[in-house]
Amino acid sequence: MSKFLKSISIGAVATLLAVPATAQTFGLGRAALPEEISAWNLDVHPDGSGLPEGQGDAIDGEEIFAVQCAACHGDFAEGIGNWPKLAGGMDTLDREDPLKTVGSYWPYLSTTFDYIRRSMPYGNAGTLSADETYAIVAYILYSNDLVEDDFVLSKDTFLDVEMPNADGFILDDRLETEFTKWVGEPCMTGCKDTVEVTMRALVLDVTPEETAADAAVVEAASQQEAAITAEPAAVAAQEEAVPEPVGASVDPALIAEGMKVFRKCKSCHQVGDGAKNRSGPILNGLIGAPAGHIDGFKYSKPLMAKSEEGLVWNAETLAGFLAAPKAYIKGTKMGFAGLKDPADIEAVIAYLTTFSDP
Amino acid sequence: MTQKPSRREFLASGIAAGAVITSASAAKAETPDPLITETQTWAQSFGDGVDATPYGMPIRFEDDVIRRNVEWLTADTISSINFTPIHALDGTITPQGCAFERHHSGAIELKKEDYRLMINGMVDRPLVFTYADLERFPRENHTYFLECAANTGMEWAGAQLNGAQFTHGMIHNMEYTGVPLRTLLEEAGYDTAGIWVYVEGADASSNGRSIPMEKALDDVLVAFKANGEALRKEHGYPVRLIVPGWEGNMWVKWIRRIEVMDAPVESREETSKYTDTLENGISRKWTWAMDAKSVVTSPSPQAPISHGTGPLVISGLAWSGRGAIVRVDVSKNGGKTWETARLAKPGEKMALTRFYLDTIWDGEEMLLQSRAMDETGYVQPTKAQLREVRGENSVYHNNCIQTWWVRPNGEAENVEVS
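Chains as they are written, first to last, in the numbering used here: chain X, 2 to 359; chain U, 170 to 587.
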């Protein structure tokens, strides 16, 4: 018996220490090329290794942030609605409902750079240059009062930034702090004298109504039918194909240009068949429609006030709004900073016209 | 199986339910049942032919058994979560079509032909595999639960959501087919100084996580089938990672890269998210394992008792990320006394276990609870015990004992008890 146990334990040790060179291989797969590895390996580590060349400061970052990030995260990284807040919350971690932001919670600056470069902006991931990423990270640090606005972030200055919550983490200690308490034969009878109901979910009443889910079923079923009848290729083509111009006077090249500009809008707005309201409303039928015409989207009060005053979207009004949204409608929910180039505005309006009835 | 009434339909028919309760023990028909005495259409004419449904969905009478979303939880459905209808399922295997989804950039479409898996970092031979390559390695079948670390997370501060689907539905349990990660690491010749692997997905979120090499070599699978069929799009088609017993966020979908390294990346998902803040403001990290947990799935708020007094099947699920479930106790009085439930099958490591308590209901109200025990000797704690150690600021890893308040009319509500 003891001999048997011994052989098992030796076997277990041998398994753990198995030298890869002696392991069975199958000769499957092919060598990964250096260009392929560098295309996918974007890791940035806490010690700054993996950071690319480049630089940026908060002054540049503010402008980029306004265009690329503010629609969800707010102009000052304060977050809009349920979207993540990136700034503030210092000294709240030991209070009720702590506010966890890059400044108050994230232990490593590398995480911010790594995540933004890989996965942001939301809906258009992986499109930021190294300089833009440095500038955005610098702006987020500035919004958290962690650097001055002229602090130039690069691989050389990266480790100069001190993250306030760097020492705020411990390794999982459940085995020591919890397992020792909650083991053994549990109580079966006479475990408590009294039991009182102390809180009720029905009183709080935040559970979704089943009617909403029923609607989802109907929707899913109708989508399913559509999927059966539609050619899959047509659905894929719809994404990139330039729509047919509605009016003969609209230049197809301008529409194509507008489709490119619209990429800046896509993380919040959808157009075409199957478009849904996201953080911004559907933009089908926009041209010629009164402001705030999409049912089921909650527009800002100032926008609805403009609508009541008679604001109708046409080439002229839309150009004014897109050039400076916050100046045109003070208090609009649209966090977008605006399009600087009038040619971009003209193009994107031409593109949106193709989704409007003539 | 007949369609269960919704909670509101059930409440609306309270008078009828009362009538059932009084007559339940005297099961005696006063008039002949026309379903028996009259010829029904289904007994007379045809049903569907074999070509009617090349790939079937549940019959329409079951169309309320669906994943549901809680809109106020997240800003956008693209980066969000929905919930498995565990109140309406039985057994342990979760059908893929109603198994909860969690995406960070939406469920992408990635076809097998376009799929590539790279292994790089501290390896002798950085490699790229195609989907077809993966199918040529020796493969294994294993059944495991996947629980999101945030399951029951909304309940920390008190009873919030009224339904087992919403309180405990960030879980599913499937039989996976795949290649052990160990096999792929050996194929690339991993360096034994590499004590971590970093795994990332092909979707826009990337969702990278660092996993200790010890776990990677132990039981992690690179899977391409679930419950016998291809992974569904929302579960990572064509290939996802299976990390048995550990929080769902690590089960990277659409996995595209495995990097052997000597230190963790400290990615967003393992620093700013999926860490657990204690009362003093200090946060635990690397809390990977899911502790033992259980819940009564029926009766529960979405599955009230509709048959009155008499025989009642109390049923639920139990699981542990640290091994097999060995016992589940059920209390009908909020934890004053407990009875040991029957396990449908002996518990399996890191897989859901179904339990039943076959009982006689006297029509009195119940404060129903279940309490799981796993093979390590760990006993599922109460919410008060958890709060005593962790405070109320945590989001993840809430494995507390759940209470349903079952009323004399059979209705059940999510409550917290002293």
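If you're looking for bench data, these hints aren't it; they were derived computationally from the structure. Hints are not guaranteed to be accurate.
So the derived list for chain U, only partly shown, Cβ under 8 Å to chain X, looks like this [stated by the list, open to error]: (1) N289; (2) M291; (3) R305; (4) R308; (5) H311; (6) A319; (7) G322; (8) T446; (9) N449; (10) R453; (11) G532; (12) R556; (13) V558.
Since the structure is predicted, the reported quantities are computational estimates derived from the model, not experimental observations. Backbone N, C-alpha and C fix where the C-beta goes; we use that ideal spot for every residue, glycine too.
Tested hints:
1. N289: Status holds, d = 5 Å.
2. M291: violated (10 Å)
3. R305: Hint holds; R305 of chain U Cβ to chain X Cβ min 6 Å, cut 8 Å.
4. R308: Check failed: Cβ of R308 of chain U comes no nearer than 12 Å to chain X, outside 8 Å.
5. H311: violated (18 Å)
6. A319: Status violated, d = 14 Å.
7. G322: violated (14 Å)
8. T446: For T446 of chain U, the interface hint holds, since the closest Cβ of chain X sits about 6 Å away, which is under 8 Å.
9. N449: Cβ of N449 of chain U sits 6 Å from chain X, so the hint holds.
10. R453: holds (5 Å)
11. G532: violated (19 Å)
12. R556: violated (12 Å)
13. V558: holds (6 Å)
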